[in-house]
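Respectively, the protein sequence lines represent chains A and B.
The numbering used here numbers the first residue of the first sequence as 1 and each following residue consecutively.
The numbering used here numbers the first residue of the second sequence as 1001 and each following residue consecutively.
Since the hints were derived computationally from the structure, they do not count as laboratory data.
Glycine included, every Cβ here is placed at the ideal spot set by N, Cα and C.
Misleading hints may appear alongside valid ones.
Unchecked claim - In silico BS3-like links for lysine-lysine, alpha-carbon gap of 30 Å or less:
id, chain 1, residue 1, chain 2, residue 2
1, B, Lys-1121, B, Lys-1234
2, A, Lys-243, B, Lys-1239
3, B, Lys-1234, A, Lys-74
4, A, Lys-111, A, Lys-208
5, A, Lys-14, B, Lys-1191
6, A, Lys-179, A, Lys-208
7, B, Lys-1216, B, Lys-1191
8, A, Lys-74, A, Lys-208
9, A, Lys-179, A, Lys-243
10, B, Lys-1216, B, Lys-1184
11, A, Lys-251, A, Lys-208
12, B, Lys-1239, A, Lys-74
13, A, Lys-243, A, Lys-276
14, A, Lys-208, A, Lys-14
15, A, Lys-243, A, Lys-74
16, B, Lys-1239, A, Lys-152
17, B, Lys-1184, A, Lys-14
18, A, Lys-179, A, Lys-14
19, A, Lys-295, A, Lys-251
20, B, Lys-1239, A, Lys-208
21, A, Lys-208, A, Lys-243
To be verified - With beta-carbon atoms standing in for the labels, derived distance ranges:
id, chain 1, residue 1, chain 2, residue 2, range
22, A, Ile-119, B, Leu-1020, 32 to 40 Å
23, A, Leu-252, B, Pro-1019, 54 to 62 Å
24, A, Asp-253, B, Gln-1161, 39 to 47 Å
25, B, Arg-1002, A, Ser-131, 23 to 31 Å
26, B, Pro-1019, A, Ile-119, 56 to 64 Å
27, B, Trp-1241, A, Ser-275, 28 to 36 Å
28, B, Gln-1161, A, Ala-239, 21 to 29 Å
29, B, Arg-1002, A, Ser-275, 52 to 60 Å
30, A, Glu-68, B, Gln-1161, 31 to 39 Å
31, B, Val-1193, A, Thr-132, 48 to 56 Å
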Amino acid sequence: MIRVQDLSKFYGGKRALGPVSFEIADGETVGFLGLNGAGKTTALRILACDLRPSAGTVSVGGVDAVAEPHDVRKLIGFLPENPPVYGDMHVVDYLRFAAELRGMRRPEFAKRLPEVLDITQLGDVQDDVISTLSHGYRQRVGVAQAIIHNPKFLILDEPTRGLDPVQIVEMRNLIHDLKQSHTVLISSHILTEISQTCDRLIVLGGGKILGVGSETELAAQETEIRQVTVAVRPPNSDADTRKTIADALAKLDGVAAVAEPYEQGGGLLYTLSTSKDVRAEVSRAVVGAGWDLIKLDYSRSELENTFIRLVGGNDASN
Amino acid sequence: MRATSIIFRRELGAYLRSPLGWVVTAVLLLVDGILFQSSALGSGEHLSADVLRTFFLLTGFVSIVGGVALSIRLIAEERQTHSLVLLNTSPVRDVEIIAGKFLSALVFLCIMLALTLYMPKLIMVHGKITWTQVAVGYLGCILVGAAALAIGLFASALTRQQLIAAVAGSAMVAILCNLFPLAKRLDPPLKDVLSGLDLWWVRYMGNFMNGVLNLKDVIYYLAVIYFFLLLAVKTLEAKRWQ
């Protein structure tokens, strides 16, 4: 079991994650859903002991990940956003290196290798130099290194990133196979991508948990989640002003999250995830601060936009 | 220790596979050979001991440049290509990562230095020097090169940009190598402190290059190596908190 309690991470003075708390049972497949900057990667890197938290506790398989990261790493296989491969190595040599780092002896590796090559369908390229492989194959090599030591917990950060449609389907099938024998944590910013694969979703936005449950359960909560879009034209749009505006909006009653703004039509467009209609409060706050209010929208969109509404929709235009 | 050995083998393999190690070796050996030929062999008659001194002056310099050049990629490149995550998320301690990488670069540096052995052999054929003088000189080259490696490895741990690491590493080595000329302009006790910390003039040029083996010189270099490797380990550790 993975147990996370009041976990936070700051980069400098900026809060990237938290405080968040959640539990993941053995054998479960859980998806971390959120837009860029939502805190997914930070959360997964902390669970994989690649990063230390600023506050809170993390227990993986009953072992404290902050006090005993060395022991937790033995239980985990991690595929980061960019597969951690060495371009100058041959696929099999690289997998042997990864296996030995995880404490496997050569006979164990020799026994496990055919199985992993079969699961990841790397047999055809096992003797190739990694730098000559396509992105899809490199991603597979990344998965292979994560499972070579048969870890109890498998953490995959955006495993379908940069893959073409065929490769995405293949990766989805691969994850489906891996579910049978591992507790799997996957992150993505595409709802459909992980809703098909995961038993449960944890929706992150602005470093906080916005929703937990299956896709159906999240949709049922939908009437409670609304989205307000506000375009503000401040005297200048430097980073400090953007932050000041975001902070002012985040303080309003009923605002769950404020997504990173982007420039549109001469103003800064903020998307707020709210639990009620806060247009009046937003307009008063903006005008009261001396900024121009140039657009204010309120929406209660349909089920298919569950995720966008939950996380604030800052990348909805991408 | 097992992890150190695994990382050592991978890194040494990377040097042997990639053109970088061989290009650095070829360029430095070429420069060493040309300068040795022109300064030691090609300008009239010299005492064998003087020729050997000149050889170790050049080879010591080559060892320092090679040390910095070989070490810069060790961590910075891994950060740039994201492969460091594999090491960071494996049950491997930071000290094992640094030790494995340092030892691999040191062995490659020793291979590079071994390829210069034909030059003292040439001096032996035409003059009179002892193997002890040669051995002490090479020990000095290895120690000063290993110190440069440790400093370069620390610089490499600081940043993901290899160019910045190269500039930072070179600057640190250049400063440590020129503390003695600076110390000469100062009064004690600062003078004694700075000349005591000098990496090149006092210990290498003053003793090793002349075939003089002094235990405290060896200890000094080992201390410098330990200090910068420790800094590299602590830097890796600190980066996890950032």
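Hint by hint, here is what the structure shows:
Using a Cα cut-off of 30 Å, the hinted pair Lys-1121 of chain B and Lys-1234 of chain B is violated, with the two alpha carbons roughly 43 Å apart. Pair hint Lys-243 of chain A plus Lys-1239 of chain B holds up; C-alpha atoms about 26 Å apart against a cutoff of 30 Å. As the CA atoms of Lys-1234 of chain B and Lys-74 of chain A are separated by approximately 22 Å, the hinted pair is consistent with the 30 Å bound. Of the pairs offered as hints, the one joining Lys-111 of chain A and Lys-208 of chain A is violated, with about 43 Å between alpha carbons and a cut-off of 30 Å exceeded.
Between Lys-14 of chain A and Lys-1191 of chain B the alpha-carbon distance is near 45 Å, which puts this suggested pair outside the 30 Å criterion. Between Lys-179 of chain A and Lys-208 of chain A the CA atoms are separated by roughly 26 Å; this keeps the pair inside 30 Å, and the hint holds. The hinted pair formed by Lys-1216 of chain B and Lys-1191 of chain B meets the criterion: a straight-line CA distance of about 19 Å does not exceed 30 Å. Distance hint between Lys-74 of chain A and Lys-208 of chain A is fulfilled; the C-alpha atoms sit about 28 Å from each other, no more than 30 Å.
With a C-alpha separation of about 41 Å, the suggested pairing of Lys-179 of chain A with Lys-243 of chain A is violated against the 30 Å cut-off. A distance of roughly 21 Å separates the Cα atoms of Lys-1216 of chain B and Lys-1184 of chain B; the hinted pair therefore holds under the 30 Å criterion. The hinted pair formed by Lys-251 of chain A and Lys-208 of chain A meets the criterion: a straight-line CA distance of about 15 Å does not exceed 30 Å. Under the criterion of a C-alpha separation no larger than 30 Å, the hint pairing Lys-1239 of chain B with Lys-74 of chain A is consistent with the structure, at around 21 Å.
The straight-line distance between the Cα atoms of Lys-243 of chain A and Lys-276 of chain A is roughly 23 Å, inside the 30 Å bound, and the hint therefore holds. Between Lys-208 of chain A and Lys-14 of chain A, the direct Cα distance comes to roughly 14 Å. Compliance with the 30 Å bound is thereby established for this hinted pair. Of the supplied pair hints, the one linking Lys-243 of chain A and Lys-74 of chain A is violated, its CA atoms being roughly 40 Å apart against a limit of 30 Å. A threshold of 30 Å between alpha carbons decides the hint, and for Lys-1239 of chain B with Lys-152 of chain A the separation of about 27 Å falls inside it, so the pair holds.
Distance restraint check for Lys-1184 of chain B and Lys-14 of chain A: the Cα-Cα separation of roughly 48 Å exceeds the 30 Å cut-off, and the hinted pair is therefore not satisfied. Proximity of Lys-179 of chain A to Lys-14 of chain A is assessed by CA-CA distance (about 35 Å); at most 30 Å being required, the pair is judged violated. Taking the CA atoms of Lys-295 of chain A and Lys-251 of chain A, the gap is about 20 Å. The hint holds against a cut of 30 Å. Restraint check for Lys-1239 of chain B and Lys-208 of chain A: the C-alpha separation of about 24 Å stays at or below 30 Å, so the hint holds.
In summary, the hint linking Lys-208 of chain A to Lys-243 of chain A is supported, as the alpha carbons are separated by about 17 Å, within the 30 Å threshold. Between Ile-119 of chain A and Leu-1020 of chain B the C-beta distance comes to about 35 Å, which sits within the given range of 32 to 40 Å. At roughly 59 Å, the beta-carbon separation of Leu-252 of chain A and Pro-1019 of chain B lies within the given 54 to 62 Å, and the hint holds. Between Asp-253 of chain A and Gln-1161 of chain B the CB atoms are about 46 Å apart, so this pair conforms to the stated range of 39 to 47 Å.
Our hint of 23 to 31 Å for Arg-1002 of chain B and Ser-131 of chain A holds, since their Cβ atoms are close to 28 Å apart. Look at Pro-1019 of chain B against Ile-119 of chain A: about 35 Å separates their beta carbons, and that is not inside 56 to 64 Å. A C-beta distance of roughly 35 Å is found between Trp-1241 of chain B and Ser-275 of chain A, which places it inside the suggested range of 28 to 36 Å. Separated by about 23 Å at the C-beta atoms, Gln-1161 of chain B and Ala-239 of chain A satisfy the suggested range of 21 to 29 Å.
The hinted window of 52 to 60 Å between Arg-1002 of chain B and Ser-275 of chain A holds, with their beta carbons roughly 54 Å apart. The beta-carbon spacing between Glu-68 of chain A and Gln-1161 of chain B, approximately 33 Å, falls within the hinted interval of 31 to 39 Å. Taken as a hint, the range 48 to 56 Å holds for the pair Val-1193 of chain B and Thr-132 of chain A, whose Cβ atoms sit roughly 54 Å apart.
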